[in-house]
Amino acid sequence: MSQKTIETVDEVTIRFAGDSGDGMQLTGTQFTNTTAILGNDLSTLPDYPAEIRAPAGTLFGVSGFQIHFGSKEIHTPGDHCDVLVAMNPAALKVNLAGLVDGGSIIVNTDGFSDRNLKLAGYAQNPLRDGSLDKFRMYEVDISKLTALSLQDLNISSKFVDRSKNFFALGMMYWMYGRPLETTIEWLKGKFKDKPDILEANIRVLKAGWNFSETTEIFSVRYEVGPANLAPGRYRNITGNQAVAWGFIAAAKKANMELFLGSYPITPASDILHELSLYKSYGVKTFQAEDEIAGVSSAIGASFGGALGITTTSGPGVALKTEAIGLAVMVELPLVICNVQRGGPSTGLPTKTEQADLLQALYGRNGEAPVPVIAAATPSDCFDAAFEASRIALKYMTPVMLLTDGYLANGSEPWLIPDFDKLPDISPTFVTNPEGYMPYSRDETTLARPWAVPGTPGLEHRIGGLEKQNITGNISYDPENHDLMIRLRAEKIQRISNDIPMATVEGSPSGDLLVVGWGGTYGAIKTAVIRQQKKGASVSHLHLRYLNPMPKNVGEILTKFKRILVPEINLGQLVKVLRSDFLVPATGFNKVRGLPFRSAELEREIEEILKGIK
Amino acid sequence: MNTRVDEILKSTIDVPLPKYSAKDFSTDQDVRWCPGCGDYSILAQTQRIMPDLGIPRHKMVFVSGIGCSSRFPYYMNTYGFHGIHGRAAAIASGLKIARPDLSVWVVTGDGDGMSIGGNHFIHLMRRNLDLRVLLFNNQIYGLTKGQYSPTSEMGKVTKSSPYGSVDYPFNPASLALGASATFVARTLDRDPKHMQGVIKRAAEHKGTSFVEIYQNCNVFNDGAFFQFTEKDTKDDTVVFIEHGKPLVFGKEKDKGIRLNGFSPEVVSLKDGKYSVNDLLVHDEKDTTLSFILADMTYKPHLPRPVGILLAVDRPVYEAEMERQIAFAREKRGVGDLKKLLNSGETWVVQ
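Residue numbers (the working numbering), protein chains in the order written: chain E, 57 to 669; chain U, 423 to 772.
Please keep in mind that the hints were generated in silico from the structure rather than gathered at the bench.
Please note that the accuracy of each hint is not assured.
[Claimed, not checked] Cross-link-like lysine-lysine pairs, in silico, DSBU-like; alpha carbons within 35 Å at most: (1) 450(E) x 761(U); (2) 477(E) x 760(U); (3) 248(E) x 760(U); (4) 761(U) x 477(E); (5) 190(E) x 200(E); (6) 128(E) x 761(U); (7) 628(U) x 707(U).
The following block holds chain E by itself, in its conformation from the complex (with noise of 0.2 Å):
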C-alpha cells in the first residue's frame, strides 16, 4: 500500500456529470447527506435536462449534480468546481468551462469509446490529445472495475452499467475522507426486499473506496472538517421539501385542515409528492385535470375552511392568474407557490429564474393587490411557506410565495425549529349571526369576517362580482366600486404594520447598497462580505417581503450613494425600487437558468466602487 499524504482544506466543489440515466442525482445526494452528517456546511446545484432520458452519449442528456462543502460558511453551490467527475465525454465537454485550471478530473475511461466521443462532438479523444494538461487527471477504468468487483455475483449486465456511478461515489468518500455508512444504511432500507441488489450496490461503493485506498492513482486524500454551525439538531433539506413541511406547519398551528389542489410542473411536483405522503396529519392533496382547477380546488376548499394552498411554476400561475383575482375579490385565504424555472413560454422547465416578479406583483386584471414574499435559501422555504400562510389567514387573502428551481432542488443543512415555539396562526371563525355581515371588515387588519357553511343561520352567497360594502350584494354603484378598491388595496397595505423591519447585513450606510431577492441570497451575501473584507463600503439589503415592503426600506435606500440590484431577469425588482421611491438603481442581471456565481456579482461591485472613488 502506498502512503498518501492528507491536506487540510476549508472548502471544496464536487461535480458528479454523466449521462441522465447515470444516476448522478443520486449520487450527489448520498455525497450530500454524508457530508451533512459530518457537520460541514454546505449548499448544493442539481443541473439536470428536462428529457428523463436523453439518448446516452450526447451533450444534451448531461445530468450534473454539484456540491460546495467545507469548514467555514457556506452560501452557493459554488461558482467553479474543484473536482469534475466526468462519466462520459459528453460529460466532460459539457462542464469543463465550470472547472477551476489546475482542477481535478476523475474520467470513466471505459466510457470514452469512439461512438461517445463522436455523440460529443469531439474529433479526437481529448484525453490522449493533450488539451487536458492543465488539470489532474485520474483515469479510472469505472464500467471495468464495476463489473470485476460483481463478477462472482449473478447479476445482469444492465444492473452492472447502472451501478457504476456508486464505483465513483466510494472514491469520491475516500477521497475526502467520508464514511460508507450513511449510504449503505440508505441502501439496507431502499432495496430491504432485494438481498442480491444490496450486496452488489455495497460491493461496488466499497470496490470504488478500496480501489482508491489501494492504488497509486491517487497520491492525496483531503481533509474538510466540520464548520462552525450554531448548536442544534440538524438536518438536510432542498427548498420544495421545506416548502411542504411549512405548509403543513402552518396548517398545524393554525388547527385547519391542508388542502393542496396542485397539478404536476417542473419544478414544483416534489411538493405535491411531498405532501401526497402526509396523509397521516390529516392533508389531503388534490392532483388536479389543469392548473386552474388545482387553484379552483383550493379556493373552494378555504371556502369550506381548510388552509388551500397550490403549488406551480410560472406557466401555471399564467393559468391560475383569473382565480387569484376570484380569491382577491372574495377575499379568501389562499397560498399560491410560485418555483419559478426558465421563461417565458415552456421556457427552460429544469433550470432557475427569477422572472416571474412582475407577474407576481402586477400580473391580474384589475386593480388587484396580492402580498408577495420570496425565500432566500432552501431552507427559508420553511418559514416563507409557514409566513405566507400566516398573512393569507390573517388578512383573508391569496398570498403569493415566490421560491426558484435552484433553492427547489438545492439543499442545505436546517437547524430544526422547535415546533413548539412556532406561533399560533389560528384564525377566527365567525360562529354567531347577531349582526353579521360577510364584507364587514376587521378595523385593524381590514380583514372581512370567515364564516364557514355548516355554520347555522350564518347562509351568505359569496363570487366575483363587485360587492357592497359590509352586506357583500351585488353592487354597480360607481361609488361603492372605488371604495372597494382602495379598501382592498389598503388591508394588503397593511400588512406592512405586521412584517419585520428590513435589516442591511454590513453597514446601515455607504458607498453602495446591493439589493436582492429571492434565491440570489447566497451569492449576493459572499460577494458582499469578500468585498467587505478588502475594506470596501458595500452593504446587502435582501428583501423577503415584495409586496407589501417593510416600512424602512425607503429610508434604507437613502442612506447610500449608489443602489445596485442583481437579478436573474433583465431587471424587475429594480423597476419597482425605482418607482417606488424614485432612487437611481441599477440593475445586474444575467438571465442564463443557472444562480449568479459570486465572483462575477464581486467584480461588478467591485467596479461600481471604483466608479465611485
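Mind docking chain U on chain E? Use the hints.
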C-alpha cells in the same frame, strides 16, 4: 385530531332540522333573469323540493360559474359561491373534498359547463364526487347576448355565426356517460313535476349526479325545445324513460322503441306487428343501454329520451380519500410534526 371547523360542526350537531317550506330557500335578492326565462321554473322546482331532502339549509352550498344560470346561488338561501367562468366544478370539488359533510350543488350552463368548463366537467364525472350538477341547456350564449353555444345545432344563425354555425354540437348526456358518470338524467323546464322528480333522485344519488335541463331562452333562442315541451308536439317527440318500464310514447301510447341489434327503432303498437312485450325495457343500472339511449339525441327519426338514463353505484372520491387518511392514521398514528421534522438523517452540532 380536531380542527376548528370540526369544533364548529360538533357544536351544531344537536341543532334540530327546521320544518322548511319552499319560501325558506329564497333570498332577499331581486331575481334578475329576463321575464319569461326558463330559469325561473328551475329555481322554483329546486326550492320546492329542498324541504323534502332532510338537509339543513346551512349544510347546503350552491356553486356556479358564469352565465345566466350561474346567478342561481344568489337566489338560494343557502351558502353560495358564484365563481368564475367554467370553474364551478373545480371549486365545488375542492369544497366537497375539504368538507364531505356538505350537500354541494353545481349550477352551470351549456357554455359554462360544456365549453370553457368542459375539462372540469369530464373530470368531475369520472371522479364521482358526491355532488349534484344541474346544467341549464338553452343552446345559446344568453349573458353575452346570443352567440352559438357548444350545444347549438349546426347551421344556427347567430351574431357570431351569420352564415350558420359549422360546429357540431355536444350531446351533454353522451359526454357525461363517456366520462364515466354514475348518474345521468335529462328533464325539461316546462315540465315541473318531472323536473322535481329528477332533481330529487339526483339529490339522493351517492356520487356525482348530472342533470341536463332543457331550458328556454325566450330572448335569444326562443322555442328551441318547444317541440319537446309543448302540448301539441311533445307526445310524439319525447320518450319518457323510466326504470323497469318499456319505452312507450305517442299521444295514444301507440308507439314504442325496440332494439334492432344495437340500434333503437320506432315501432307502431297499432298494426299488430309488435306489442309492448317487444319493446326495449329501461334499466337504469345498465351502462351499455344508457349509451344507446343517450345516442338517440339529435337523431331526427327518434324521439328525444327524457328521464334518468343511468343511476349506478361506484366508490365516491372523497370517501376514498377519507379512507386513505384513516388507513394512514391507523398504520402510522396521527401525524406528529415534531417527529417529522426530526425524522430521517439528523445530526447534532454542540
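To test your reading of the hints: which numbers does this structure violate? No numbers; nothing is violated.
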